[in-house]
Amino acid sequence: MASYADVLQYLSSLDYPAEKDDVVREAEREGAPPDVLKALRALPPVDYANGTEVARSAGIEAAPEVGRSQRAAQTRDKHNRVSQHLRGI
1 MASYADVLQY LSSLDYPAEK DDVVREAERE GAPPDVLKAL RALPPVDYAN
51 GTEVARSAGI EAAPEVGRSQ RAAQTRDKHN RVSQHLRGI
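Each residue of the sequence shown is one higher than the one before, starting from 1 at the first, in the UniProt record's numbering.
Treat the hints with care, since some could be wrong.
Cross-link-like lysine to any residue pairs, in silico, SDA-like; alpha carbons within 20 Å at most [to be verified]:
id, residue 1, residue 2
1, LYS20, LEU8
2, LYS38, GLY51
3, LYS20, TYR4
4, LYS20, ALA49
5, LYS38, SER12
6, LYS20, GLY31
7, LYS38, SER57
8, LYS38, VAL24
Please keep in mind that the hints were generated in silico from the structure rather than gathered at the bench. Small disclaimer: the values here were computed from a predicted structure and weren't measured.
Start from the sequences and build out the full structure, keeping to the hints where you can.
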């Protein structure tokens, strides 16, 4: 499976905003492997503002090093985006 870094690597010289066809064409030009091209060809046909938006739309995880148990714990924490000192308020 393609990684977030792989997608960004093969799109580093692309000018944004870019359409899906431009994204796929750039990855092909840069010699992207088949798994990256497959993920990019499955993108919705919209304009993309940057590489991060492309990777997210392709369903590629930004942090594959985070394990399932840690991800589950983060999901259960209802205040995972609130500073610790604000949680009691």
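Structure-based check of each hint:
1. For the proposed pair LYS20 and LEU8, the alpha carbon gap of about 14 Å is at most 20 Å, so the pair holds.
2. In summary, the hint linking LYS38 to GLY51 is supported, as the alpha carbons are separated by about 16 Å, within the 20 Å threshold.
3. Of the pairs offered as hints, the one joining LYS20 and TYR4 holds, with about 17 Å between alpha carbons and a cut-off of 20 Å not exceeded.
4. A hinted pair counts as satisfied when its Cα atoms are at most 20 Å apart, and LYS20 with ALA49 qualifies at roughly 11 Å.
5. Proximity of LYS38 to SER12 is assessed by CA-CA distance (about 18 Å); at most 20 Å being required, the pair is judged to hold.
6. Of the pairs offered as hints, the one joining LYS20 and GLY31 holds, with about 17 Å between alpha carbons and a cut-off of 20 Å not exceeded.
7. Using a Cα cut-off of 20 Å, the hinted pair LYS38 and SER57 holds, with the two alpha carbons roughly 13 Å apart.
8. Among the hinted pairs, LYS38 with VAL24 is consistent with the structure: their alpha-carbon atoms are about 9 Å apart, no more than 20 Å.
The structure fails none of the hints (numbered hints given earlier).
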